[in-house]
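Student: Residues per chain, in single letters:
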Amino acid sequence: MRVRMLAAAAVAVLTMAGTAACGGSADDSGAVTLKLGFYAAAGDPADTTMRELVKEFTAANPTIKVELDVAPYVKFFERLRTQIAGGQAPQVWLSDGVLVQEFAARGALADLTDRVKTVNADDYSGIELNRDAKGRIYGFPQGAQTPVLFYNKKLFADAKVAEPTADWTYDDLAAAAKKLTKDTNGDGKPDTYGFRTYSPGFTESWWPIIKAYGGDIVTDDNRKVVVDSPQSKAALDWMLGTMGKDGFAPDFATTEGLGKGVVHTLFATGRVAMSYGIYARTLPATSAGVDFGVAPLPKGPSGRGNVAIVNSWVVNKKASAAQADAAWKWITFFSGEGPQRKWAELGEAIPINKKVASTALPADRHAFLESLDAATDLGANAVWSEYTEALAKRVNEALSGATPVDTALTSGQKEAQEVIDRFYAGQTQ
Amino acid sequence: MAADRRPSARKRNAGERAWAVAFASPYLLHLVALAAWPLLASLYFSMTDYDLVSSPKFVGFDNFARMFSDGLFWRTLGNTAYFAVLFVPTQTALALGLAIALNQRLRGMALFRAAYFVPVVSSWVVVAYVADAVFNPQTGLANQVLDFFGLPAANWLQDPALVIPTLAGVAVWKGVGYMMVLFLAGLQAIPEERYEAAKIDGASAWNRFRYITMPGISGTTFLVLVLTSIETLQSFEQVFVMTDGGPHGASELTVLHLYRQGFQFFQMGYASAIAWVLFVLVLALTMVQFRLQRRWVHYA
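These protein sequences, in sequence, are chains A and B. Using the working numbering, you'd call the opening residue of the first sequence number 1 and step up by one each time. Using the working numbering, you'd call the opening residue of the second sequence number 1001 and step up by one each time.
It cannot be assumed that every hint is accurate.
Straight-line C-alpha distance at most 27 Å; calculated DSSO-like pairs for lysine-lysine [said to hold, decoys possible]: (1) K178/A / K189/A; (2) K1011/B / K134/A; (3) K318/A / K1011/B; (4) K245/A / K65/A; (5) K178/A / K233/A; (6) K134/A / K117/A; (7) K55/A / K318/A; (8) K224/A / K179/A; (9) K1057/B / K317/A.
Derived from the structure by calculation, the hints contain no laboratory data.
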């Protein structure tokens, strides 16, 4: 009797668990529950706006119930990995653009190629940046980031230096930066630097500079590291010069000594007159009341080296058909004019809806759009986090002066290539 | 005949064992679910290629073989050993010194003891902020002190040569209070008569310390050394919040390397293998310490 009762209880528990697990699928009435994940700090304006948009979406789609899964960036992606392992990941989530291929290559994401064909690709930016080596698309753009040259109008006016133009070269940048560097308290150290060269975030530092000098980081579907070249050396030598003999940029130790994330406020606090910055950097500069402008990246010997990151919505491969349809509905809703305009008001990313971008961005911010049109991707592949970390360690060693540039480039290329080869050895996709 | 109706001794014992198991079952359940099972799972994962998304693929000892040729792993192990060599003796000696200094019957002594204990209960995030106020190359107190003595400024946490000594210093500051309390307990357990007898025999202060205090607290010293060594090999939070392994990996300790492999680079199999190697190292180190303690620890 006791055994029977226990068995009955076990069956009841299992049935309840099964029912809970199937909660996301469409029921007889066609209702579907969708777990939607995104990263934002609690109470952040992005969090608030996203919640408002979800409300709008569910009001327009009463058969779709949305459960939110929100956490700050680092926590979100740390948790996501274990959620995937435990089968508890959201059915649709906002992915950092550079992580899309990492999750896709391990079979966590649904292939969106056919769904993307149903929209007019010309209406959106960044779709092509998400295409993998085999032409498949695993993420639909949510917002774009690309670096341009930020400059402080007041500091330029005070130093009587002409503002940057689209024709500027790296020599023009250096000449202006030297004039803008000032030691106002006479302690022998600049209080205002002309330019911020080094940043731990290489998207706004050595990556575009190496490309502008004619070097490259990865080629052949982002599987071959080619950073060890005379062009890359020339780029890093130029950067070292700005922090050393030319002295118009804060050096590695000074920048790192500011603390985590503070490098991004160097421009907003007026410590540097010019800086490469992605669109999100307009927020701290605006909040600080800086009168600033943006210009295209200067021309190097081989162009401007524009790069972009397109943060994207991705769909869980394990989502049911009904959930995947609901997820795609959300993605197309978010890409529409209304939500994009509302998201653009936050000022944290370039809208991927081209019509909205052209009107929501002020005319003097259109350098971002031109940069985005010309941008290549940031070397995304299945092991992006690991190989870029291996490479960045070596490049930063060179930029700190701890290692000669050519030694750092040789070892960086070797170590980054080992990471890529380890993953792709024996892979068919 | 009445004795025949009583349960046999064997039955009684069985009944008592069942009750014992029933009372211990919450703990046993906890042990199996939260310790034994994850331990066995990680042992299995260490022999697989497991990316958290697809099913683990059995690869035998490949992950362990990879570790031998993984320069980064050896570098992090070297960093950890360097950190341990600086941290363990410094903290132990300082904790003992503080305990002796504070083992006095004076007014306000409890306040001093509490003051040394405050960093122990602070989180590493808070300590990281305090450390930044001290070691910031531009605004930190440490460089102001150097400047006062006419010495050149240092890039404490940004200099590959200084980062581990600086981290070890901060770790000592945070942890010394706890070990000091252990030493205080050890000191107070030494009978006062031994010191009185030694004084009557004319023993100097140094000889009293050497022949009474040191043997008297040798058990505590052993405990402190074992605990500190294990703590060092498991260090993670401090470097995670203070340097993130930088600059250029100069402060990347083995557990941070393990965390990155598992939770950032989708290599949970390899991360599990590192965890097991670390476990074996901790075990070996502890066994060596236990073997050596026979020569110098006195429990009488």
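Student: Could you check the structure against the hints above and give me the numbers of any it violates, in ascending order?
Tutor: Failing hints, ascending: 2, 3, 4 and 8.
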